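A.B. asks: Each chain, written out:
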Amino acid sequence: MNPNPLTFDSVQIGDMLPPLQLPPVDRTTLALFAGASGDHNPIHIDIDVARRAGLPDVFAQGMLGMAWLGRLLTGWAPQSRLRRFDARFQGITHLGHAMRCSGRVLEKLDRDGERCVRIELLSANQYGQAKIAGEALVALP
Amino acid sequence: MIDKKWIGHELPASVLPIERSRLQFFAKAIGETDPVYTDVAAARDAGYPDLPAPPTFLFAAELDSGAAFQLIEDLQIPIAKLLHGEQSFTFHRPACVGDTVTVRSAISDIYDKKNGALEFVVKDSRATNQRGELVAELRSVLVCRH
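Chains as they are written, first to last, in this note's numbering: chain Y, 50 to 190; chain C, 14 to 159.
Possibly wrong hints are sitting among the right ones.
Computed from the model, here is a short list of chain Y residues facing chain C with C-beta under 7 Å [stated by the list, open to error]:
| id | residue |
| --- | --- |
| 1 | Ala116 |
| 2 | Arg132 |
| 3 | Arg133 |
| 4 | Phe134 |
The hints are simulated quantities; they were obtained by calculation from the structure and are not laboratory data. All figures in this text were calculated on a predicted structure; none of them were measured in a lab. From the three backbone atoms N, C-alpha and C, an ideal C-beta is built for every residue, glycine too.
Let the sequences and hints guide you as you build the complete structure.
C.D. replies: Right under this line is the structure:
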């Protein structure tokens, strides 16, 4: 449990969220996420399909990466405080890529009568390649 | 080129019952270990009536129903050329086990860049619960890469 409650006043612009480091993407993860998320697109789970599509192997679903960024956010503030969550998928996450999700407080603002912080989100692999960039709005007490 | 006649097209509604075993499976699949997402007692302690659906879960609605796949077929985008470009969620209220969420989408735009080498389809969605309350709004940008 976090001993320092997260409040609008306690947060500073530039603060980094505690990062989330994921293990290297493997086929098991892609298979389980396909089942759980409802995305049965075989390009993410069947190497024969991936190869027929001209790719060397299966690759991660974009929404898997976004789900990990979601974990970064809900690990920092309760989900009930999340107001917006946007992601831009900038590149393919391949098998073996170990993604690191990070976030930084960009702005403190008022939105619809709630005090919120705007968070810049990034998911990058161990080679420094950014695969997802995004933003979130979190209402803080 | 994707036919612009599809702008304004409304997808059939997708009905997603929020179920405990599915949410527990989803949490496992994304490596989520926070008990609020898998343990009902923890969820209730956090103020939820039951397990809450994590932030990206509602994307499953149109996958489960087949509406997402049907759209790709309608637009004639080959699977090999399809990429998910952008996704956004605006959250209004939680969705928890016991809720039934209905997602209604429409294609709001189709455009291209790089002289047609990249085509973009923008889909806007509203997710409501069984009480007709707005749960979330979603926006997806699908990319067809020629």
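A.B. asks: Compare the structure with each hint and give your call.
C.D. replies: Tested hints:
1. The interface hint given for Ala116/Y is met, as the beta carbon of that residue sits about 4 Å from the closest beta carbon of chain C, less than 7 Å.
2. Using the Cβ-Cβ criterion of 7 Å, the hint placing Arg132/Y at the interface with chain C is satisfied: the shortest such distance is roughly 6 Å.
3. The interface hint given for Arg133/Y holds, since its Cβ lies 5 Å from the closest Cβ of chain C, which is under the 7 Å cut-off.
4. A cut of 7 Å between beta carbons decides the hint on Phe134/Y: the least distance to chain C is about 5 Å, and the hint holds.
Hint compliance for this structure: every hint is met.
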